[in-house]
Each structure stands twice: as C-alpha cells, then as structure tokens.
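For reference, the chains in residue letters:
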Amino acid sequence: MPEFMLIALVGGLITTLMTAPVGAFMLWRRMAYFGDALAHTTLLGLAVGLWLQLPLTLSMLMIALIVAVSISLLNQRPHTSSDTLLAIAAHSSLGIGMLAIAILPEARVDLMGYLFGDLLNLTYTDIAILAVTALLVVTSILYYWRALLLNSLNSELASLSGINNQQIQLLLALLVAIVVAVSAKLVGALLMTALLITPAATSRLFSRSPQSMIMGAILIGQLGVVGGLAISWFFDLPVAPSIVSLLFTFFILSRLIPPRLLN
Amino acid sequence: MQTDHYHSLIEARQIEHRFNGQSLFSALNIRIDVGQYISLIGLNGAGKSTLLRLLLKILPLQSGEIVHRSDLRIGYVPQRWHANSQLPISALDFLKLNLGKSQSHAFLNQVMETWQCHPFAHQPIHTLSGGQWQRLLLARALLNQPHLLALDEPTQGLDLQSQHEFYQQLQGLHRQGITILMISHDLAHAMSYSQRVIALSEGRICCDGAPQTLLNNIEYQRRFVCAHQDAILPHTHCGHHDHA
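These protein sequence lines map, in sequence, to chains A and B. Residue 123 in the numbering used here sits at position 123 of the first sequence; the count goes up by one each step and never skips. Residue 36 in the numbering used here sits at position 36 of the second sequence; the count goes up by one each step and never skips.
Honestly, I wouldn't trust all of these hints.
Some but not every residue of chain B turned toward chain A, in silico, with C-beta under 7 Å [what the hints assert, rightly or not]:
{"#": "1", "residue": "I58"}
{"#": "2", "residue": "W81"}
{"#": "3", "residue": "N84"}
{"#": "4", "residue": "L87"}
{"#": "5", "residue": "P88"}
These aren't lab readings, by the way, just hints derived from the structure by calculation. C-beta atoms are modelled at their ideal positions from N, C-alpha and C, and glycine is treated no differently.
If we strip away everything but chain A, and leave its shape as in the complex, we get (with noise of 0.2 Å):
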C-alpha cells in the first residue's frame, strides 16, 4: 500500500474516534444543522489564515471557536431563533469566505480540497494533530458523561442534580467545532456533518444503549473509511464523496432490516 493511502486510512481512523460520539451528541442534542453550520464557517476560517498568513487549522479552529460561541451566547437570549441564527452564520461566513479567497492576489488554495475534502494529502503533521484532537475530545466526552448524558434527557432534572446546563452546552458546541474545524480537511466544508451524523444514525437502528450507539457509529465511520478509501483506490474516484456515499449506503441498507430482526 502506498504510503499516502495508508497516512489517509490511518488519519480517517482517528477521525471516526471523535466524530462518532461527538455525532451521537448532535442527534440526541437535534443539533445537526448546527454541525452543518460550523462546517460553512471553516470556508471563512480559511480566507482569515490565508489574508493573516496564519497555520490554516489554526484559524478555521479560531474561526469556528467563535461561532460556536457567539451562536451559543446569542441561543440564550431571548427573541432569538436558533435555526434563523445558524442559516445566517453558515451561509455569510461561507459567502464571505469564498469571497475573500477570490479577491486575495495571491492565494494558491484547492478550494475543492477544502470543499469537499483531501484526505490523501494529509501530513504526518496532520496525523500528530488529529490524535491530539481526538484524545481531547474522548477525554473530555468520558470525564463529562453523565453531565453531557443528563443534559441531553432532561437540562431541568439534570440543574437539579447540580450539572451547570450553560457550561454543558458550551462545552458541547466547542467539542463539535474544534472535530468540524480540525476534521474539515478529510472530507471538506459540505460533507463534513454526514461524517458526524450518518454514522451515528446508523448505529442508532441496532442500539439499546447511548454507550452501545457510540461504539457502533465509531465501527460504521471506520468500515466507511476504509470501504470508500478501497473504492477509491480500485476505481479511480474522489476519496470523501466515496466514504460519504459509502456511508448513505449503510444508512439506507440498516432501513431495509426488518424490524422483527433488530428486536
């Protein structure tokens, strides 16, 4: 195996790691759009590294850190409908991105990488700042799981059990920027939520338990991984659109189950 398909296979791994329990909180959350929305953002993540000159997963990190914090500030208030807030930020900063990368003089950027993702041109570089990422991100989803749990049943029980619901969901829509941010390059800005969501949805179909929908989504995110890797390695195609079309195909076949057979 070349060793770019195997940086690629071993850097898709890694994502699957974070993606699929992070996926699994945006369903029980219903905060799909708002993954889609940071996604957008990272297009204007972009255009700020470049204009600034700065590492470009530094500022889509940076850029998609004050999203999620902004959106989650402003879903407090009241008068403020979260869904109205999220069509805006993800459509302006992806508007406004690509704007500023068309009017920078000198940019030499594969917007198509960034669109719909690049994954056999990852770095070792990469690779380090994946496996960081993803041990923060499990780190942080096991020492606050029954917080995050409990937040997601019910955030009036969970105040009365002492969790602090504010601190949750800001902990919770950092945790999805900082896997959209940092995952965006594998398979870019639009295909980035059905790496987050369809693995997770898929999973639910056969779990009895949130630990149980955690573990399958992570094994469905990686047979997407290498089943979209190998068909794009055999038949000549473009890697992301392979695992996302891989992995819209498990979701569909799961459906066809008979019921009788999962229970």
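Mind docking chain B on chain A? Use the hints.
Structure of chain B alone, referenced to chain A:
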C-alpha cells in the same frame, strides 16, 4: 444562606418574574414548611410551573430572595417531556444515571421494587406508557431520599384509576414524612388530599390555606369553583360578574 426557621424548607420573599417583558408575578411571598401536603393551583398561564421552578432554583431568580434549608434534598417530578427516540436509554440505565455516588445498587433495586419499575426496566424510556413513565420519574425523584417532593401536574394523561393509585402512593410518601408540593389541575384532589392549597391568579397568591377555609373564601369561589362550574354548566353563569 439558610432559612431562619428550621421547620421551613423553602422561603421565598418578594419574588418577581417577568416573561417576554410582561410581569408574571410580583412581590410574592411563600413559605414551604416541613411535613405539609401542598397543592399549587391556578388557571392556565397563571405561572404555576414557573413559580415551582423558581422555588426549586431551576430557573434563575430575577428579583427577590429564595432561601433553601441548608440540608434540603429535593425530588422533582417534571411534566412528561417528549423523550428523544434517537437517544436509546433504558429505564434502568436512566435510574442508574441519576444514582448518587454514595447510593448502592441495592438501594436502587429497592426503590425499583417499591415503585414496580422492574417489569419495564429494560424498555427504552421513550416507549413507556403514561403510568410507567410516572412510576419511573417518581422512583428517580426518590433516589436521593428527598425531604421535599415537588411534582408538576403528575397525573396528566393518566386514567382515573391510575390517578387514584398515584394519589394513594403520594399519601403514603407523605405519611413517611416527605413534604409534598404539587401543581394540580384537579381541584377535587387538591381539596380532598391536601393540607394546604395555594391558588395563583393574576400574578399573585389569591388564596392560601387549608382546604376547609378555602371553601368559605369568596375570591377562591369566584375564581376557581365558579370558573370550573361555568366550564361544565355554562348556563349557570356562576362567574358572570368576573367578565363585567
């Protein structure tokens, strides 16, 4: 901060709450004493649930002061919420999640036995029936051995037989020394089971006392009994002067 009286579990002084720029209630004073069985009644939109959440400190206080006894343990049974079916959690796991660090699984088992949760222990919570859901929430609320059990319309959606059984169980808990504070739409229950009825109307407490004294309270009769009667028998116009 503690309450100045040990027999007082919660003391609310001069509390105010505004929602969407409108005052829901102002200058409200309530004291919840140990051992009482209290029904909180009021018409829709009177702010009963908001008041209960403020008293329990679930909602942030906008103005005034709410003081809990320093060692107060609260068990809360909220209104049934729409559990997200995407989150697969069984009744047993739900209870385990709410189990304190100092509490044993033997205690959990005992609570589940008392509230007959074993038959649906492995069922996902979003598939539970109204009665099962109520037993689960009550078991959850009792896990921390509360001094005060606060319930928000707990019999909503239950049939009459189940409601009767539920009230009997509450009475049993009250006899064990647990203070009950319950929002109720059921005036008959409030009058027959409670030791104290607090009626909330138009931003203030219009009646507060033993059920017997309320029967002679003109404001209570006008706002609640007549309104209730008008709804059932409109031609009597018991509360017609209300709209004058």
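Hint check results:
Because the closest C-beta pair between I58(B) and chain A is about 5 Å apart, less than 7 Å, the hint holds. Annotation: interface hint on W81(B) holds; nearest CB of chain A at approximately 6 Å, less than 7 Å. A distance limit of 7 Å between C-beta atoms decides the matter here; for N84(B) the minimum to chain A is near 6 Å, and the interface restraint holds. With 7 Å as the threshold, the beta carbon of L87(B) comes within range of chain A, its nearest partner Cβ sitting at about 4 Å, so the hint holds.
The criterion of a C-beta within 7 Å of any C-beta in chain A is met by P88(B), whose closest approach is roughly 5 Å, and the hint holds.
In this structure, none of the earlier numbered hints is contradicted; all agree with it.
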